[in-house]
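**Student:** The primary structure of each chain is shown beneath.
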Amino acid sequence: MATTTARTLLVEGQPIALDPEGYLVSLDDWSESVAEALAADDGRELTPAHWEVIAVLRDFYQRFEAAPAMRPLVKAVKQSLGEEKGSSIYLMQLFPESPAKVGARLAGLPKPTNCL
Amino acid sequence: MTTFSDMETVSDVETVPQDLLIVLRHPPHGSQWLREGLDVALVAAAFGQRVGLLFQGDGVYALLKGQQAGALGQKGTHPQIAMLEMYDIDTLWASETALAERGLSADDLMLPVVPLNAEAVAECFALHPHALIF
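Chains as they are written, first to last, in this note's numbering: chain A, 24 to 139; chain B, 205 to 338.
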């Protein structure tokens, strides 16, 4: 399925193509600098707490070839980072609006399909 | 090797009925039926519905170990099957006849399933007013 490029973001001199919803057109484009640029573009700043959730998201995609909806994201975070962080409140604080969607975008995953 | 005939046949559906029963009757690849059925199961579970899956006919092939991606780099359905537990979908039934007809035993499958005999399959349908068949 061809994804249309809505705009590009310049990261370290390289144009990075984004789809109309701001997700990467090519998932291979992802790097930590790209994640930082995507976050900055949103007016967000990534802290170590964000990075560890991004790592969980990327690991989830490696294992299951899909970006998680909210419930499985909470479960995956609980499994990797412990009971305390595996809560929707914690994730909502890190990624206001929608942790599953915003997190997937910053982690360079496609938009979660099971998440409306 | 454990075969399903060695296992005690479940004559009644022991697990409490789920909110939604998804019946999967198509094998991986060749059509979108299996993927669509699994997608519906995952969406329902993402919204907090308790989902039970029943594998019938060639649908039992969805559970086979050692599957690979499809031709032309298409995604397979096995990662979706592996992902079920992350969506808390752990009620998996399979037709005992379908497994036996295809010579499949518990060792051939990625996940443990509860084999149901014909009577139990009928009961399973009777217990689930909401069933979607793929």
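What the hints contain is simulated information worked out from the structure, not anything from laboratory work. Where a beta carbon is used, it is the ideal one built from N, C-alpha and C, also for glycine. Among these hints, one or two may not hold up.
As the list claims (entries may be wrong) - Some chain A residues well away from chain B (every beta-carbon gap over 12 Å; in silico): (1) 56; (2) 68; (3) 88; (4) 89; (5) 99; (6) 120.
To be verified - Straight line, CA to CA, 30 Å or less: simulated DSBU-like cross-link-like pairs of lysine-lysine: (7) A/134 with A/98; (8) A/134 with B/279; (9) B/269 with A/98; (10) A/124 with A/108; (11) B/269 with A/101; (12) A/124 with B/279; (13) A/124 with A/134; (14) B/279 with A/98; (15) A/124 with A/101; (16) A/134 with B/269; (17) B/279 with B/269; (18) A/98 with A/108; (19) A/98 with A/124; (20) A/101 with A/134; (21) A/134 with A/108; (22) B/279 with A/101.
**Student:** Now tell me, hint by hint, if it's right for this structure.
**Tutor:** For each hint, the structure was consulted:
1. At the 12 Å boundary, the C-beta of residue 56 of chain A stays outside the reach of chain B, the nearest C-beta of that chain being 27 Å off.
2. Against chain B, the non-interface label of residue 68 of chain A holds: every CB pair exceeds 12 Å, the least being about 29 Å.
3. Interface exclusion of residue 88 of chain A from chain B breaks down, the closest Cβ pair being 4 Å apart, not more than 12 Å.
4. Distance check on residue 89 of chain A: its Cβ comes as close as 6 Å (rounded) to a Cβ of chain B, failing to clear the 12 Å threshold; non-interface status is violated.
5. With 12 Å as the threshold on Cβ separation, the claim that residue 99 of chain A sits away from chain B is violated: the shortest Cβ distance comes to roughly 6 Å.
6. Residue placement check: residue 120 of chain A keeps its beta carbon more than 12 Å from all beta carbons of chain B (closest about 17 Å).
7. Between residue 134 of chain A and residue 98 of chain A the CA atoms are separated by roughly 18 Å; this keeps the pair inside 30 Å, and the hint holds.
8. Distance check on the hinted pair: residue 134 of chain A and residue 279 of chain B sit about 16 Å apart at the alpha-carbon level, within 30 Å; holds.
9. Under the criterion of a C-alpha separation no larger than 30 Å, the hint pairing residue 269 of chain B with residue 98 of chain A is consistent with the structure, at around 24 Å.
10. For a cut-off of 30 Å, the pair hint linking residue 124 of chain A to residue 108 of chain A stands: about 18 Å separates their Cα positions.
11. Between residue 269 of chain B and residue 101 of chain A the alpha-carbon distance is near 27 Å, which keeps this suggested pair within the 30 Å criterion.
12. A C-alpha spacing of about 21 Å is found between residue 124 of chain A and residue 279 of chain B, which places the hinted pair at or below 30 Å, so the restraint holds.
13. Proximity of residue 124 of chain A to residue 134 of chain A is assessed by CA-CA distance (about 6 Å); at most 30 Å being required, the pair is judged to hold.
14. The hinted pair formed by residue 279 of chain B and residue 98 of chain A meets the criterion: a straight-line CA distance of about 24 Å does not exceed 30 Å.
15. Between residue 124 of chain A and residue 101 of chain A, the direct Cα distance comes to roughly 18 Å. Compliance with the 30 Å bound is thereby established for this hinted pair.
16. With a C-alpha separation of about 28 Å, the suggested pairing of residue 134 of chain A with residue 269 of chain B holds against the 30 Å cut-off.
17. Proximity of residue 279 of chain B to residue 269 of chain B is assessed by CA-CA distance (about 16 Å); at most 30 Å being required, the pair is judged to hold.
18. Pair hint residue 98 of chain A plus residue 108 of chain A holds up; C-alpha atoms about 10 Å apart against a cutoff of 30 Å.
19. Pair hint residue 98 of chain A plus residue 124 of chain A holds up; C-alpha atoms about 16 Å apart against a cutoff of 30 Å.
20. Between the alpha carbons of residue 101 of chain A and residue 134 of chain A the distance comes to roughly 21 Å, so the proposed pair stays at or under 30 Å and holds.
21. A distance of roughly 22 Å separates the Cα atoms of residue 134 of chain A and residue 108 of chain A; the hinted pair therefore holds under the 30 Å criterion.
22. A C-alpha spacing of about 27 Å is found between residue 279 of chain B and residue 101 of chain A, which places the hinted pair at or below 30 Å, so the restraint holds.
Violation of the numbered hints given earlier is confined to hints 3, 4, 5; the remaining hints are satisfied by the structure.
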